[in-house]
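Chain V: place on chain U using the hints.
Respectively, the protein sequence lines represent chains U and V. Quick note: the first sequence uses my numbering, first residue 1, plus one each step. Quick note: the second sequence uses my numbering, first residue 1, plus one each step.
Derived by calculation from the structure, the hints in this document are not laboratory data. Just so it is clear, CB atoms sit at the ideal spot from N, CA and C, and this is done for glycine as well. It cannot be assumed that every hint is accurate.
[To be verified] Calculated pairs, DSS-like style, for lysine-lysine (alpha carbon to alpha carbon, straight line, at most 27 Å):
1. V:Lys2 <-> U:Lys44
2. U:Lys77 <-> V:Lys303
3. V:Lys193 <-> V:Lys144
4. U:Lys360 <-> V:Lys193
5. V:Lys70 <-> U:Lys147
6. V:Lys303 <-> U:Lys397
7. U:Lys306 <-> V:Lys181
[Unchecked claim] Partial selection, computed: residues in chain V whose CB lies under 10 Å from chain U:
8. Tyr11
9. Thr15
10. Thr41
11. Leu43
12. Leu77
13. Gln113
14. Cys122
15. Leu146
16. Gln150
17. Arg175
18. Asn243
19. Met247
20. Ser262
21. Cys265
22. Gly287
23. Lys291
[As the list claims (entries may be wrong)] Stretches of chain U that chain V covers, calculated by requiring three or more beta carbons in the stretch to come under 8 Å of a beta carbon on chain V:
24. 5 to 11
25. 343 to 357
26. 381 to 389
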Amino acid sequence: MSVYSELIKDFGKVRDYVRDFYIFGFRTREDFDGKSKRTYDNEKRRIESWLSDHIHTSLNGHKKTVSVKIDSSHIFKNPLYQCYKSKSYTDNDIRLHFILMDMLDGNMLTVSEITDRIASDYGMIFDIQIVRIKLREYADEGLIIQKKIGKTMFYAKSELYADTLTEKFSGLADMIKYFSEETPFGAVGSFILDKLNTSNDVFTRKHAYMVHTLDDEILLQVIDAMRRKKIVTLSCISTKKRSAFNVTAVPLKIHSSLQTGRNYIIVYQPTSERLSSVRLDFVKKLKIMDDCADYDKYYGFYEKNKAALWGTSFGFQREFGQTEHIHMELLINEETENFILMRLEREGRGGVVTKISDGKYAYDIDLFDANEALPWIRTFWGRIAAFETTNPFMQQKFDTDIQRLSEMYGGDAE
Amino acid sequence: MKIFSEIYNTYFEITEKILKRKIVTKADIMEIIRQNGFSETMLFLEPKLTGDDGYGLLIHENGAYRSILKKEPHTPLTTLEKSWLCAVLNDRKSGLFLDTAQKEQLMEILGIQPLFSQNMICFFDMFTDGDNFEDPQYIDHFRKILTAKQNHSLINISFQSMKGGRITHYFLPVRIEFSAKNNRFRIHVIKYKKNMTPLDSGIINLSNVTETVPTNVTIEDFAYNMSKKEVTVEVIEERNSINRFMMEFAELERTSEFDEDSGRCTVKMKYSGRDEAEILIRLLSFGPTVKVLEPPELRQKLKERIDTQSALFRNLHA
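Isolated chain V, as found in the complex:
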């Protein structure tokens, strides 16, 4: 079994889409390549599909191209794909999508050893207070919210707020976010008034949801933008910090510049304002090898933490 195999190649995928059409024009071929290929695929694939020295899978007749195949192409699942399905069916989160009986039936149909087992991999720094994916109530809320997201329909959600109060409102789920570190699902939502005008956007922890009531009200036109803040830091080449820093913050969109003379790297990163507290402690974890240059508010918060700690140190050593 190989992941890097021509069976999964983009050119094969494009060729299958073209052959499925049975008869295509050159313009059709070029459009399918343009939509599905890499940026230079047209240059390489189109002559192979239409040229005299090409693959010979299309025959040029009456100004169009006809597939030489007798049937519509249909590629079965590979062993790799079947064993991957078996592996994910063993994941606790698969129960959010399929019932136990469905999972067992599917396992039997696939009839193959899982690609890997969960106990081969240890996520050693995953938080231990993650969601209970097997709770029937949790599964019910997950499925209703997923359906609402797919139908673009409003759903009435009740949930426990951070302060302990109960909030009930109409929401449009726009995406379902999973954090492997937190082992939690969060729902990105737009909050709506009773007259169905949008109020604001927010994020709800699925584990805090207590009730979900779907509605038939659909919203086709909506805008969801998460505003981002930017932090600029300087990373010093000490204790392999640049490597560690760039890897740890790879998830964030950023630009970086390395100054060979000073051995320092300046990195600008975008982050959600909601995550500022988390960003602050992650920056602190790098110690004196990372210095926050901007924004001043974040720099000030960091400085306060350091000043407080310095004062505690002075007391400790006094």
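The following block holds chain U by itself, in its conformation from the complex:
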């Protein structure tokens, strides 16, 4: 039996637990099917340890639930960044980290010189191969610089420090504080703040989806594939159906929603010859495949089609380029409700607003999937004088929703 540790090797193992505790907060141990009870208990204990200020437990009947409670508008640092600071390591990893950073400060040495000095100056014996592997790893991470002179490789410590830069550039520390809470990759800014031994105490966020940080490790790989114009295989698990599926496709763009909290990868699937989207939080693993020779052509498809996207849905299988129309008429008092017109302009995503008569305006838009706009359209309830769409499913839903709501709230009689 392995010994419990606060630290973990694989971030993916804990990602779903943290998300679940934070987003839902009502699930019990029994709901985490597919995991042993001991696995659940260990992951719960770790998360309680990392996020101790934000963890709450309660009883639902006789079952215990765990939730992570965070009011994002009142907080200066995303607590979920703690999860990224929990990677396990070996005793040799930490020894070599501090010894190499110490020894190579101002010195350029070969691997054998380094190995010898570790023994003579620090009293530790290391195999030369272990030292070489660590030096290469640190060269990849940018902590060490490699320089070949003749046939011999020399190693020195990188001399670019966060505190040197913030002393040279006034305003930089504040910039890092601000962007350390921005998505994506704000966690990286928080690593720099750790080095500066400071933290953000100025900037807060409204409408912030702190949970997105959990997807940054996958997002980094997606962005790498996009930059290198690669085909990828995404191993996904749907949170809705809890079913596993694979998607082999060309990643073209990240579509991030600031209102629903969902992030998507827009992909082109060569097999079905279609553009589609994959939820980023569904992706558990990414495998980089071949180069995509037609990457620019597929990206062109996206550029050509994006105007008819409300969010991320390219609609169901249908004739290429077919769109659905929405026509909505709104009652707006121009003198007291100008903000409604402003909403239509700033939130309407390219829809056309026209004045029909005094106090009456029309909003028209053509979309691949009109149904995606329905939640936004509902926000105008109370002033919609007419609504028509060529999507019959949406038309029916629109008509029945208001009846259902009216019954739910007791109609005019309540």
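Structure of chain V alone, referenced to chain U:
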């Protein structure tokens, strides 16, 4: 490049803080761990730093622990951190902190490809009437307010009110809030009288600020509390609503309970009273899958909207 790497591990960070002290007592070590570690870090890290079978980075002598390092530990920026800095320097908002020449010089020093480019990500539902971050006046106001916040000093701010009037007053900025959805900065402030006694708190849209005049008056003692309201809703498991609802409102502090028998989820959420109109339309956007149970005032406002819409429907179908 990896984000999840031991280089950024809390244990490494704590060990560096301890080694920086050169000589420490066991009590010092425990205090540093207590201040910087996770809740169980003491249990795992302390024996590794002080024990005979530990890391060997500290030598026990004369009742204290001495670092084996020759110099004070100082970790350089990693490739990931440098490329992240390059990426954020490309963001328009970086100009609020650094001038163009500074940004160019910094880019040259960093000398690396940005971690990502802005055009790789599309924030498709961001409002289109966001702030103009490149306006020199806007930048000037931002920097003066930021300085006032950091110095705890009062600043005289003039701004356009919602009703179109001009308001000028002494304010203490307590935090600078950014909404990605609105693409706007807002300043949370405490308003002060001329005799420097606090009046009330408020929020000013930075884009409405027309003038900022710093003062030398500092306020060390202040209380800033935003009162919160609570709404209780019931979410029906239909059209994946529970998933969508819990994700969309993840930003708010809440408690939730799921009733397996009815398939309904009851959620209590705290929100600022200033945001009530926005909360109302966000709840409406879920249609009949979300029902407001409390408070009665919010429920009544929602009901009025639905009644009005039902009446419009009756006219439409008459």
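Results of checking the hints against the structure:
1. Restraint check for Lys2 of chain V and Lys44 of chain U: the C-alpha separation of about 24 Å stays at or below 27 Å, so the hint holds.
2. The hinted pair formed by Lys77 of chain U and Lys303 of chain V fails the criterion: a straight-line CA distance of about 38 Å is larger than 27 Å.
3. For the hint pairing Lys193 of chain V with Lys144 of chain V, the CA-to-CA distance comes to about 20 Å; that is within 27 Å, so the pair holds.
4. The straight-line distance between the Cα atoms of Lys360 of chain U and Lys193 of chain V is roughly 45 Å, outside the 27 Å bound, and the hint therefore fails.
5. Proposed proximity of Lys70 of chain V and Lys147 of chain U is supported: the alpha carbons are some 24 Å apart, at most 27 Å.
6. About 19 Å separates the Cα atoms of Lys303 of chain V and Lys397 of chain U, which keeps this hinted pair within 27 Å; it holds.
7. A distance of roughly 20 Å separates the Cα atoms of Lys306 of chain U and Lys181 of chain V; the hinted pair therefore holds under the 27 Å criterion.
8. Because the closest C-beta pair between Tyr11 of chain V and chain U is about 7 Å apart, less than 10 Å, the hint holds.
9. Taking 10 Å as the C-beta contact cut-off toward chain U, the hint placing Thr15 of chain V at the interface holds, the least distance being around 7 Å.
10. A cut of 10 Å between beta carbons decides the hint on Thr41 of chain V: the least distance to chain U is about 6 Å, and the hint holds.
11. Evaluation of the Leu43 of chain V hint against chain U yields a held restraint, the C-beta minimum of about 8 Å falling below 10 Å.
12. The interface hint given for Leu77 of chain V holds, since its Cβ lies 5 Å from the closest Cβ of chain U, which is under the 10 Å cut-off.
13. A hinted interface residue such as Gln113 of chain V counts as satisfied when its beta carbon comes closer than 10 Å to some beta carbon of chain U; here the least separation is about 8 Å, so the hint holds.
14. Among the interface hints, the one on Cys122 of chain V holds; its C-beta lies about 5 Å from the nearest C-beta in chain U, closer than the 10 Å criterion.
15. Nearest Cβ of chain U to the Cβ of Leu146 of chain V: about 6 Å, under the 10 Å cut. The hint holds.
16. For Gln150 of chain V, the shortest C-beta to C-beta distance to chain U is roughly 7 Å, which falls under 10 Å, so the interface hint holds.
17. Nearest Cβ of chain U to the Cβ of Arg175 of chain V: about 5 Å, under the 10 Å cut. The hint holds.
18. Because the smallest distance between the Cβ of Asn243 of chain V and any Cβ of chain U comes to about 6 Å, under 10 Å, the interface hint for this residue holds.
19. Interface restraint check: Met247 of chain V against chain U, minimum CB-CB distance 4 Å, threshold 10 Å, status holds.
20. Given hint, Ser262 of chain V at the interface with chain U, is violated; its Cβ is 13 Å from that chain's nearest Cβ, farther than 10 Å.
21. With a least beta-carbon distance of about 7 Å to chain U, the hint placing Cys265 of chain V at the interface is held under the 10 Å criterion.
22. The interface hint given for Gly287 of chain V is met, as the beta carbon of that residue sits about 4 Å from the closest beta carbon of chain U, less than 10 Å.
23. Annotation: Lys291 of chain V was flagged as interfacial toward chain U, and the flag holds, the nearest CB pair being 6 Å apart, inside 10 Å.
24. With a cut-off of 8 Å between beta carbons, the stretch 5 to 11 of chain U has 4 residues touching chain V; three or more are needed, and the interface restraint holds.
25. With 4 residues carrying a beta carbon less than 8 Å from a beta carbon of chain V, the stretch 343 to 357 of chain U meets the three-residue requirement, and the given coverage holds.
26. Counting residues of the stretch 381 to 389 of chain U whose CB falls under 8 Å from any CB of chain V gives 6; the rule of at least 3 is met.
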